[in-house]
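Required output: the full structure, derived from the provided sequences and hints.
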Amino acid sequence: MTVALRIDVDTFRGTRDGLPRLLTALQRRGVRATWFVTLGPDNMGRHVRRMLKPSFALKMLRSGAPNLYGWDIAFRGTLWPGTVISEHLADTLRLPDRAGHEVALHAWDHHRWQVGAESLPDDALDAELARAIAAFTTVYGRAPHACAAPGWRCDDRILALPSSQAFTWRSDARGPAVPFVPHSARLGRTLAQPQIPVDLPTYDEGVGRGTGADERWNDLLLARLADGAPHVLTIHAESEGGAKAALFEQFLDRALAAGHQFEPLGDWLARQPTPHEGRVARGTLPGREGWLCVGG
6 MTVALRIDVD TFRGTRDGLP RLLTALQRRG VRATWFVTLG PDNMGRHVRR
56 MLKPSFALKM LRSGAPNLYG WDIAFRGTLW PGTVISEHLA DTLRLPDRAG
106 HEVALHAWDH HRWQVGAESL PDDALDAELA RAIAAFTTVY GRAPHACAAP
156 GWRCDDRILA LPSSQAFTWR SDARGPAVPF VPHSARLGRT LAQPQIPVDL
206 PTYDEGVGRG TGADERWNDL LLARLADGAP HVLTIHAESE GGAKAALFEQ
256 FLDRALAAGH QFEPLGDWLA RQPTPHEGRV ARGTLPGREG WLCVGG
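Per this note's numbering, residue 6 is the first one in the sequence shown, and the count goes up by one each step.
Derived by calculation from the structure, the hints in this document are not laboratory data.
Every residue, glycine too, gets a C-beta built ideally from N, C-alpha and C.
Treat the hints with care, as some may be off.
[Claimed, not checked] Simulated restraints, written as ranges between beta carbons of each label pair: (1) Glu220 x Met6: 37 to 47 angstroms; (2) Ala228 x Arg34: 16 to 26 angstroms; (3) Asp258 x Ala218: 16 to 26 angstroms; (4) Pro25 x Thr216: 26 to 36 angstroms; (5) Arg191 x Ala262: 40 to 50 angstroms; (6) Ala95 x Asp128: 21 to 31 angstroms.
Written out as structure tokens, the structure is:
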């Protein structure tokens, strides 16, 4: 079974350290993926305010967030202005593209989008997206062909934004790994951009606690892959390219030995049946705090 592999790069540290480490691990195994990159200021430390929410605090404790992401991420954009990733790490951002991987757009300011997708007005969200598109074009010399909303914070309002129409396909939703074209109630038509939903849980959503939790995590993922159905897996440069790098490499080796293959989302989409019409909505997911886009 071929798995669509998606790598989200959310932070300065994830770009600087996690991206090259993951790229090396994949190239050693002949694996290609889709990298969704963040280009603007790293203000992820501002999520510390969400610790006041019991559900978010419990998630941070369960996943061991400080050890998983590092203390520098925990304070980015709080004690000092967030570092603009594309201004300092443009050469690093280009590495996957030069190595023949697929690279697409994640965000300008990941934190601002994740917390503002519900409250920011249309023109502010559209400006965020337009700024991200411009920064991507500066770094890569071409406009991005695909996009994935940070934290899967997307809905019909966001898909109807003018800048949202710039992409060939998107990966904003969670749900069965079956591509679909969303019908937009706001625009009164079916969009031309297929959605590639992510069906498998991310590490921070699904990992348990206690001795052997990591080993059980790999067992869980491999059991999910064994069902013969299509799957889309998301990993993060901050975790699987950082503290959980060895764990992810063990997963890769076991998956490849079991006969599974990995490919970029664009290649995977091209081999799927013609996408059916569907809808997106706000929903929830076990292990993830707050709402996110669900669809199919």
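Quick rundown of the hints versus the structure:
1. Glu220 x Met6: 37 to 47 angstroms: violated (22 angstroms)
2. Ala228 x Arg34: 16 to 26 angstroms: holds (21 angstroms)
3. Asp258 x Ala218: 16 to 26 angstroms: Between aspartate 258 and alanine 218, where Cβ atoms are some 19 angstroms apart, the hint holds.
4. Pro25 x Thr216: 26 to 36 angstroms: Cβ of proline 25 to Cβ of threonine 216: about 31 angstroms, so the range 26 to 36 angstroms holds.
5. Arg191 x Ala262: 40 to 50 angstroms: holds (47 angstroms)
6. Ala95 x Asp128: 21 to 31 angstroms: Given a distance of about 28 angstroms, which is inside 21 to 31 angstroms, the answer is holds.
Of the numbered hints stated above, the single one contradicted by the structure is hint 1.
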